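Q: The lines below spell out each chain.
Number of protein chains: 2
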Amino acid sequence: MRPKIYLFGDSITEESFGDGGWGASLAHHFSRTVDVVLRGYSGYNTRWALKVLERAFPGCDDGGEAPLAVTVFFGANDASLPDRYSAFQHVPLDEYKQNLRSIVSFLKKQWPTTRILLITPPPIDEDGRLQFPYVENPLNQPERTNEAAGAFAKACVAVARESGLPVIDLWTKMQQFPGWQKDHLRDGLHLTPRGNRLVFEKVVAKLRDEGLSLERLPVDLPLLADIDPNDPLKSFQK
Amino acid sequence: MRPKIYLFGDSITEESFGDGGWGASLAHHFSRTVDVVLRGYSGYNTRWALKVLERAFPGCDDGGEAPLAVTVFFGANDASLPDRYSAFQHVPLDEYKQNLRSIVSFLKKQWPTTRILLITPPPIDEDGRLQFPYVENPLNQPERTNEAAGAFAKACVAVARESGLPVIDLWTKMQQFPGWQKDHLRDGLHLTPRGNRLVFEKVVAKLRDEGLSLERLPVDLPLLADIDPNDPLKSFQK
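Here the protein sequences come in this chain order: A and B.
Going by the UniProt record's numbering, the first residue of the first sequence is number 1, and it counts up by one from there.
Going by the UniProt record's numbering, the first residue of the second sequence is number 1, and it counts up by one from there.
Just so you know, these hints were derived from the structure itself, not from any lab.
Some hints here could point you the wrong way.
When chains are identical, the list treats them as one kind, so a pair holds in a single copy or across two.
[Claimed, not checked] 27 Å max Cα-Cα, derived DSSO-like pairs, lysine-lysine:
| # | residue 1 | residue 2 |
| --- | --- | --- |
| 1 | K51 | K4 |
| 2 | K97 | K182 |
| 3 | K234 | K97 |
| 4 | K108 | K4 |
| 5 | K234 | K51 |
| 6 | K234 | K206 |
| 7 | K4 | K109 |
| 8 | K206 | K154 |
| 9 | K154 | K51 |
| 10 | K182 | K206 |
The structure displayed is predicted, hence computed values, not measured ones.
All chains should be modelled from the sequences, with the hints used to inform the complete structure.
A: In structure tokens form, the structure reads like this:
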């Protein structure tokens with residue numbers, strides 16, 4: 001049975017199989033070794049994520065096989081400001097940390113061997129948010145700020161550290177690239193192909209640190225290069 | 001439990017989660033409704049595919065839930081000419097038909113309700129094959145021809161007709177686009193982003209004919225647009 005990696009998160013996960021998306025790249029990278037399974041829910045914060053865990057990961061209680069890994073990529077919506085138009089998605093910082101801990105603890109309880117990889121929200125390009133608001137924005141103030149996203153990113157890193165989990169500090173990593181605002185983000189929040197590439201590369205590197213790499217995972221069925229042209233069927237004997 | 005669509009085939013399936021790939025586009029299209037599961041095996045013909053069915057689709061015998069659909073996309077390797085450098089991948093036309101029937105019958109027996117969608121091999125641009133051979137090609141003759149691919153495509157359509165299955169005649173459809181040789185194929189055989197787009201659109205249309213469309217499939221968990229901003233948690237009551 002081919003093992004699975006689940007991608008659990010908000011819209012940045014849900015749209016990760018679009019053109020150049022980090023989820024599709026991951027599925028392509030692991031095309032003969034792992035099933036990459038999409039569990040992205042646009043607009044969701046950790047409060048809502050907690051409510052749907054059993055439904056997003058059925059089989060947990062049914063003795064379903066443990067996945068190799070789960071990426072947990074929330075915070076962009078939690079960090080919506082409480083006094084702007086996305087206020088209904090906002091979650092207070094302390095609750096965000098507690099929710100992340102609860103998500104991790106649910107996953108660990110169900111699947112003790114599964115690697116859990118936390119990913120912080122990306123930085124926010126406030127100018128981009130003003131140019132591409134979701135809905136009419138008469139206040140003309142961004143509904144998310146980079147400062148708020150940074151506070152949630154730090155909280156995510158803190159939860160990872162205290163739980164001994166790997167984490168990708170996307171908020172910090174992305175800002176190391178000059179021009180990240182337009183190069184890595186298409187609307188101040190969601191990823192461009194270059195932003196997707198960054199996430200893909202960081203996820204592959206972290207999974208490798210956890211022992212999950214193409215070199216170490218078994219290939220599903222014989223590779224063409226290993227099939228003897230003079231006796232191909234030999235490779236398919238069970 | 002989110003339902004599945006399996007993509008079963010050769011390299012044109014295995015690489016379908018690459019940039020602009022038809023598999024990734026399908027996963028993106030169905031991002032909240034269906035898990036699109038990759039079962040592509042580079043270089044495989046129907047003879048080898050038959051040998052690995054139980055391993056490619058474990059769970060069949062274990063009472064695994066029936067997928068919504070399986071795409072069966074073989075023939076490009078079967079159609080390799082028997083006297084050129086890919087001869088070891090060649091399968092005679094009659095055996096190809098019989099193998100396709102056996103694959104269909106295996107799937108139907110395991111999962112009587114699952115839609116099986118056959119896809120013919122694409123046309124071959126012989127000039128592209130000469131420019132991008134897999135291995136040294138001292139004969140300087142293409143290892144595949146468009147004529148041979150066409151014969152296998154017709155055989156695939158015939159098997160679909162006799163079995164009452166939907167089929168995408170990719171060999172014919174692609175050649176209706178002037179310039180298909182370089183526009184739709186990158187090496188005379190594998191798909192460009194435009195070729196991938198064509199396959200994606202045809203698969204979505206055929207699945208829709210079978211009743212499998214975004215309009216008819218249930219969405220996994222509440223959509224953001226359906227969540228009441230004044231009482232978001234109402235949407236998450238079970």
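Q: Now tell me, hint by hint, if it's right for this structure.
A: Hints versus structure:
{"no.": "1", "hint": "K51 to K4", "result": "both (23 Å within a copy, 23 Å between copies)"}
{"no.": "2", "hint": "K97 to K182", "result": "neither (29 Å within a copy, 52 Å between copies)"}
{"no.": "3", "hint": "K234 to K97", "result": "between (54 Å within a copy, 23 Å between copies)"}
{"no.": "4", "hint": "K108 to K4", "result": "both (16 Å within a copy, 25 Å between copies)"}
{"no.": "5", "hint": "K234 to K51", "result": "between (50 Å within a copy, 11 Å between copies)"}
{"no.": "6", "hint": "K234 to K206", "result": "neither (37 Å within a copy, 37 Å between copies)"}
{"no.": "7", "hint": "K4 to K109", "result": "both (17 Å within a copy, 26 Å between copies)"}
{"no.": "8", "hint": "K206 to K154", "result": "within (18 Å within a copy, 47 Å between copies)"}
{"no.": "9", "hint": "K154 to K51", "result": "within (24 Å within a copy, 51 Å between copies)"}
{"no.": "10", "hint": "K182 to K206", "result": "within (26 Å within a copy, 38 Å between copies)"}
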